[in-house]
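Read left to right, the sequence shown gives residues 7 to 216 (our numbering).
Please note that the accuracy of each hint is not assured.
Pairwise CB distance ranges, derived in the manner of DEER restraints [said to hold, decoys possible]:
1. K213 <-> I110: 17 to 23 Å
2. V169 <-> V71: 16 to 22 Å
3. N124 <-> T193: 38 to 44 Å
4. R214 <-> M148: 26 to 32 Å
5. K172 <-> T200: 36 to 42 Å
6. R84 <-> T206: 19 to 25 Å
7. V70 <-> P109: 15 to 21 Å
8. S68 <-> H190: 33 to 39 Å
9. Q117 <-> N137: 25 to 31 Å
10. T204 <-> I110: 20 to 26 Å
11. K172 <-> D135: 33 to 39 Å
12. Q113 <-> N134: 18 to 24 Å
13. V71 <-> D135: 36 to 42 Å
14. A191 <-> V169: 30 to 36 Å
Rather than coming from a laboratory, the hints here were simulated on the basis of the structure. All figures in this text were calculated on a predicted structure; none of them were measured in a lab. Where a beta carbon is used, it is the ideal one built from N, C-alpha and C, also for glycine.
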Amino acid sequence: MSNQCKNATRRRWLRASAIAMLAMVAALTSCSTDEAYSMDEASLMHDVIARVAYDGEWTVNSQVVDTARLVVIDESMRIRLPESYLLGLCSSSASEATPTNAPIVIQTVMQGYSKLSNYNSFASEAKNDANNGMRFSTCSFMATIGGESCKVSIVSAENATAVWQKDTDQWTLAIPIDAIIVDHAATGQLTEHTLASTITLYYHTKKRTE
Numbered sequence: 007m008s009n010q011c012k013n014a015t016r017r018r019w020l021r022a023s024a025i026a027m028l029a030m031v032a033a034l035t036s037c038s039t040d041e042a043y044s045m046d047e048a049s050l051m052h053d054v055i056a057r058v059a060y061d062g063e064w065t066v067n068s069q070v071v072d073t074a075r076l077v078v079i080d081e082s083m084r085i086r087l088p089e090s091y092l093l094g095l096c097s098s099s100a101s102e103a104t105p106t107n108a109p110i111v112i113q114t115v116m117q118g119y120s121k122l123s124n125y126n127s128f129a130s131e132a133k134n135d136a137n138n139g140m141r142f143s144t145c146s147f148m149a150t151i152g153g154e155s156c157k158v159s160i161v162s163a164e165n166a167t168a169v170w171q172k173d174t175d176q177w178t179l180a181i182p183i184d185a186i187i188v189d190h191a192a193t194g195q196l197t198e199h200t201l202a203s204t205i206t207l208y209y210h211t212k213k214r215t216e
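Can you make the complete structure from the sequences, with help from the hints?
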């Protein structure tokens, strides 16, 4: 074979090799892009927040004082407090108080877990009171008292907790109450109603609805 034929053959082989390499690079780029897309999609799926809902009861001393629906979204809970019962603890305001019965949002903080349970505390505001020591403001709601809009807050020496039972997929909230503080929006006046002894308000879920 002449040198000219050899060179032509070599050029054709080099062109074929180059085309094959380009095709391989394109395929690898495509795979990398698909893989990146899959990873992004998986990441987005991971960020989707689980939402579950339950029906349950508020109780004090094993007596049902109200019913409510609990919605758990990631590390927060949405629930309506037993406002009529709580306003009744403010004896001087009960007769002239009107609850709004609007759900509130409670943030929780994981404290630990066992084989059967997850233990959480409320992300409550804690203040050191000169007369009462450290106290937690665990949750609050709005109400109309004497025709005036007021914020009603539950205060206690112990923080409120939320426990999830893994085997039954049910929740229990425990909210101790040492005092209830009424904040009058118009005047900024704070009225504290201190209880004779601590009352613990419980919420037990009965069934999961979604």
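Status of the hints after comparison with the structure:
no.	hint	verdict
1	K213 <-> I110: 17 to 23 Å	holds (22 Å)
2	V169 <-> V71: 16 to 22 Å	holds (20 Å)
3	N124 <-> T193: 38 to 44 Å	holds (42 Å)
4	R214 <-> M148: 26 to 32 Å	holds (29 Å)
5	K172 <-> T200: 36 to 42 Å	holds (38 Å)
6	R84 <-> T206: 19 to 25 Å	holds (22 Å)
7	V70 <-> P109: 15 to 21 Å	holds (19 Å)
8	S68 <-> H190: 33 to 39 Å	holds (34 Å)
9	Q117 <-> N137: 25 to 31 Å	holds (28 Å)
10	T204 <-> I110: 20 to 26 Å	holds (21 Å)
11	K172 <-> D135: 33 to 39 Å	holds (37 Å)
12	Q113 <-> N134: 18 to 24 Å	holds (21 Å)
13	V71 <-> D135: 36 to 42 Å	violated (27 Å)
14	A191 <-> V169: 30 to 36 Å	holds (34 Å)
Going through the hint list in order, the structure does not satisfy hint 13, though it satisfies all others.
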